[in-house]
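> Could you build the full structure based on these sequences and the hints that come with them?
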Amino acid sequence: MSNRTAEASGADVRPDRRAPVGPYAPARRSGRRRPGRTGERREVRGLVSPHTLTTTRGRIVYWTVLIAVVVGFTAIFVFPLYWMVTSALKSPEEIAQIPPSLFPEKIDFGVYKEAWDQLDLGLFLRNTVVYAGGAWLFTLAFDVSAAYALSKLRPVLGKAVLAMMLSTLMIPPMVILLPAYLTVKDLPILGWNLLNTPWAIWLPAAANGFFVFLLKRFFDSIPRELIEAAEMDGATPARILWSIVLPVSRPILGVVSILSVVNVWKDFVWPLLVQPDTDKMPISVGISSLSAQMPQNVLMAALVIASVPAIVVFLFFQRSIMAGLTAGSLKG
Numbered sequence: 001m002s003n004r005t006a007e008a009s010g011a012d013v014r015p016d017r018r019a020p021v022g023p024y025a026p027a028r029r030s031g032r033r034r035p036g037r038t039g040e041r042r043e044v045r046g047l048v049s050p051h052t053l054t055t056t057r058g059r060i061v062y063w064t065v066l067i068a069v070v071v072g073f074t075a076i077f078v079f080p081l082y083w084m085v086t087s088a089l090k091s092p093e094e095i096a097q098i099p100p101s102l103f104p105e106k107i108d109f110g111v112y113k114e115a116w117d118q119l120d121l122g123l124f125l126r127n128t129v130v131y132a133g134g135a136w137l138f139t140l141a142f143d144v145s146a147a148y149a150l151s152k153l154r155p156v157l158g159k160a161v162l163a164m165m166l167s168t169l170m171i172p173p174m175v176i177l178l179p180a181y182l183t184v185k186d187l188p189i190l191g192w193n194l195l196n197t198p199w200a201i202w203l204p205a206a207a208n209g210f211f212v213f214l215l216k217r218f219f220d221s222i223p224r225e226l227i228e229a230a231e232m233d234g235a236t237p238a239r240i241l242w243s244i245v246l247p248v249s250r251p252i253l254g255v256v257s258i259l260s261v262v263n264v265w266k267d268f269v270w271p272l273l274v275q276p277d278t279d280k281m282p283i284s285v286g287i288s289s290l291s292a293q294m295p296q297n298v299l300m301a302a303l304v305i306a307s308v309p310a311i312v313v314f315l316f317f318q319r320s321i322m323a324g325l326t327a328g329s330l331k332g
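With the working numbering applied, the sequence shown corresponds to residues 1 to 332, in that order.
Errors might be hidden in some of the hints.
Said to hold, decoys possible - Here are the simulated lysine to aspartate or glutamate pairs, EDC-like style, with alpha carbons at most 16 Å apart:
1) LYS152 / GLU225
2) LYS152 / ASP220
3) LYS185 / ASP277
It is worth saying that the hints were derived from the structure and are not from the lab.
See the structure below:
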């Protein structure tokens, strides 16, 4: 019945403004939104409320605390490097004085030449470059092959092998130091003694489960369609690795390369055990073996020279390191 017919019949027609009541009645709308609905803005409360940051006092306190924390932590990490550099420019008497001075009274860069000649840093640097370069090549050869096999070839016990590799990361290095030394001293099956040879550093450096994990995660992000298309064209697994996987994996290869070189460059305990001869020592062990015979400023200058290459490499490639560590972590 329409409204006009009802009016003509004399019926009292009034719109019912009340919401329907019953089990099938729609829910009433209110001005409040239920939490969890899509599109709703949630206010995240931190240590400092947004209202406090709008006031002058709140902004002053916030920026004061932030600057103090950043400057304090920066000073904690940078001060040892600053102390090493400035101590090399001081005289032995100035280094030993109490209280110590923050700035050298007289700057003399000739101490670096003296450290280079007296400690024979050229020989130690050459040995370190050989060890780091060989470790880099073996790391790329073995770890890339292992990660490619676990990611794309998928052997039967691949997950178990990866789990055992990752379990080695939970073991402190000092625990496996003695077994590794005995292995290098008397290589199983072959019976070779690798002490005082570069192989004692190259082979353990290549066996790194962390590098295999990084490479595998990146290889997992490579689309499977590329591999399948190459297989349909008749490409072998080695050809796929060389022509498809490696060209698109330059970021993670750069990260692994930098980390492998820096690890060998700064290592001390392992080269101290496997390279006892002075002519075979890397720069970290060589400086430590001759430190008792050198003045403090000469020793500090030698440490500065030994630290410069690793610091320069990190400063130039720090963006690549962070990008490569996060590459392949997300799919899609």
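> Taking the hints in turn, state whether each one holds.
Going down the list of hints, with the structure as the test:
1. Pair hint LYS152 plus GLU225 holds up; C-alpha atoms about 12 Å apart against a cutoff of 16 Å.
2. Between LYS152 and ASP220 the alpha-carbon distance is near 8 Å, which keeps this suggested pair within the 16 Å criterion.
3. Pair hint LYS185 plus ASP277 holds up; C-alpha atoms about 15 Å apart against a cutoff of 16 Å.
When the structure is compared with the earlier hints, no violation turns up for any of them.
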